[in-house]
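**Q** Chains as they are written, first to last, in the working numbering: chain A, 1 to 111; chain B, 1 to 154.
Hints are computed from structural coordinates only; laboratory data are not their basis.
Mixed in with the good hints there might be a few duds.
[Unchecked claim] Derived, one-sided and incomplete: chain B residues facing chain A with beta-carbon distance under 7 Å:
#1 A61
#2 L83
#3 V99
#4 D100
#5 E106
#6 E107
#7 S108
#8 R117
#9 D121
#10 D127
#11 P131
#12 I144
#13 H146
#14 L148
[Unchecked claim] In the EDC-like style, the derived pairs of lysine to aspartate or glutamate whose C-alpha atoms are separated by at most 16 Å in a straight line are:
#15 K50/A <-> D100/B
#16 K145/B <-> E38/A
#17 K79/A <-> D100/B
#18 K54/A <-> D122/B
#19 K65/A <-> E114/B
#20 K65/A <-> E24/A
#21 K151/B <-> E38/A
#22 K65/A <-> E107/B
#23 K103/B <-> E38/A
#24 K104/B <-> E95/A
[Stated by the list, open to error] For each label pair, taking beta carbons as the anchor points, the in silico distance ranges come out as:
#25 E95/A <-> L148/B: 41 to 49 Å
#26 D34/B <-> A52/A: 22 to 30 Å
#27 R49/B <-> E58/A: 20 to 28 Å
#28 R41/B <-> K22/A: 19 to 27 Å
#29 A2/A <-> T44/B: 14 to 22 Å
#30 T90/B <-> A48/A: 39 to 47 Å
#31 T56/A <-> A65/B: 21 to 29 Å
#32 A73/B <-> P34/A: 30 to 38 Å
#33 D34/B <-> Q108/A: 41 to 49 Å
#34 R29/A <-> G120/B: 21 to 29 Å
#35 Q108/A <-> G141/B: 41 to 49 Å
In this text, all values refer to a predicted model and were calculated from it rather than measured experimentally.
All C-beta atoms in this analysis are idealised placements derived from N, C-alpha and C, irrespective of residue type, glycine included.
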Amino acid sequence: MAIIDPEALAAQMAAAAIGVLKGEWPKVRAYAEPQFKELARIAADIEAKKLAGKITEEQARHMMKIQRNALDSVIITLKDEGLLAAEKAINAALEVAAGIVNAAIGWQLLG
Amino acid sequence: MTEATYISVRRRAWTAASLLCMVMLACTVHFVSDYDEVTDRTITDLQGRVEAFMLSMVDAAGTPAGTYDSNKAFYTESKATILTMQSRATAIPQNQSTVDLLKKLEESINELAELHREAGDDGLTADVAGPTHAVLNVQFGAIIKHELDKKRGK
């Protein structure tokens, strides 16, 4: 049975980022929120495929690494626009995701 | 004030204002590099080639044409394109963000190649390629947006 609820995970990631950014969240939201949703969707997808025996740990790791690179690209763009706290906020969101995703899937995919 | 004196003062004021404008233009500080059309055009072209490749790999999954070994050339060419862009971006002053974005893209293409290689005879099935394709587009989008923002002076 699936444990990861993608909507709830994305919301928890956003809450962690808001905690760091506070007033600057509206400027970051348009970039970060779709990526939190995408990461949560991929994590839920990997969990379902693992349960169905359709994915290996190595494949899952590569998929998550590409997702992480996309988030890093968002951080680079935001920092260039002067939003220096974006990196700390997105890392806080990833820390929350790592705890949930790694425990649910049983593979060390994040963090 | 005579008319001649008045005209002379106006001329001097106009000359001073013009000089001030020229000095201000010359002293404009650039914190980010200028828009680079080659980067914009090359990354957009590469995105199109990656799009076409991902779609064709899903169609060819499970056949010999869809294996990593049959498609090594695509990865070699893509990496060569990105490395050439990195060299160009490095040579442009105040362009570190573009260099960093291109390095992240290079890393993702390497991950995609590994994903493909480890899939063996299955190739890049829709299960694996679908989410990866969407995320790669985020990276391409970030690089293109970053370049276009320079054009708009952001």
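**Q** Among all the numbered hints in the text so far, which are the ones the structure does not match?
**A** The structure conflicts with hints 1, 2, 3, 5, 8, 9, 12, 14, 15, 16, 20, 21, 23, 24, 25, 26, 28, 29, 34 and 35, although it agrees with all the remaining ones.
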